[in-house]
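Start from the sequences, fold in the hints, and give me the full structure.
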Amino acid sequence: VAMGIYNGATAHTLLTNFEDRINYQYGAELVVREAWNPPAELQSLMMSGGPEPALPDLPRQTAETEPPFFKRLEIDGVDNAARVLVRRSGVRNGNVNSQSFQIGSITMMAIVPHEFASVAWYRNDLFNPHFYDYLIQLGKHPGGAIISPEVKRRGNLKPGDAITIEYNSQLIDAYVIGTTPYWPSID
Numbered sequence: 791v792a793m794g795i796y797n798g799a800t801a802h803t804l805l806t807n808f809e810d811r812i813n814y815q816y817g818a819e820l821v822v823r824e825a826w827n828p829p830a831e832l833q834s835l836m837m838s839g840g841p842e843p844a845l846p847d848l849p850r851q852t853a854e855t856e857p858p859f860f861k862r863l864e865i866d867g868v869d870n871a872a873r874v875l876v877r878r879s880g881v882r883n884g885n886v887n888s889q890s891f892q893i894g895s896i897t898m899m900a901i902v903p904h905e906f907a908s909v910a911w912y913r914n915d916l917f918n919p920h921f922y923d924y925l926i927q928l929g930k931h932p933g934g935a936i937i938s939p940e941v942k943r944r945g946n947l948k949p950g951d952a953i954t955i956e957y958n959s960q961l962i963d964a965y966v967i968g969t970t971p972y973w974p975s976i977d
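Residue numbers (this note's numbering): 791 to 977.
Don't read these hints as lab results, they were simulated from the structure.
Heads up, a few of these hints could be off.
What the hints assert, rightly or not - Each pair of labels, with its calculated beta carbon distance range: (1) Phe891 with Tyr922: 31 to 37 Å; (2) Gly933 with Gly794: 55 to 61 Å; (3) Asp915 with Gly794: 25 to 31 Å; (4) Arg878 with Gly794: 44 to 50 Å.
Beta carbons are placed, not taken as given, at the ideal position from N, Cα and C, and that holds for glycine.
Structure representation (structure tokens):
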């Protein structure tokens, strides 16, 4: 009986661990990667044999319109959906106009907080303060950023400090509003 109880508890622990790792890796039950089309004028230029778009180190054309997002909510079985952009970028302390130094490479995730709250997977005992508290702060501070303890340590940052995110040769000013070691789909 003791071996059965031990084996059952071990199997339950392993199953929970595997499920949590998968849920944490993807952050939601289903992840869809959208293919954004370039603006209509760029598409017609490329089709007519015109010059190639800008080099990768130059700012790319921005899409004029977002792909139809809310159509996903019309699919049977879909209760909630969230727009999420995940990209590698650089970060440095200070704002664009100040002397600053490079902190390093980061994974940047841009989200719509209330949408993200409805689909993101998290364990209740994983976050302190609660995961929703971070999302509430992001909703109150559109220029705010939640950073990892490693970025905080490397940049000697604290809440309220200015940072600059370097993405696609564009500089984005932000400021630190919190730190957390765990975030859905970012390890």
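Structure-based check of each hint:
1. Phe891 with Tyr922: 31 to 37 Å: holds (34 Å)
2. Gly933 with Gly794: 55 to 61 Å: The hint (55 to 61 Å, Cβ to Cβ) holds, given that Gly933 and Gly794 are roughly 56 Å apart.
3. Asp915 with Gly794: 25 to 31 Å: Since the Cβ atoms of Asp915 and Gly794 sit about 28 Å apart, the hinted range of 25 to 31 Å holds.
4. Arg878 with Gly794: 44 to 50 Å: holds (48 Å)
Violation of the numbered hints given earlier is absent; every hint is satisfied by the structure.
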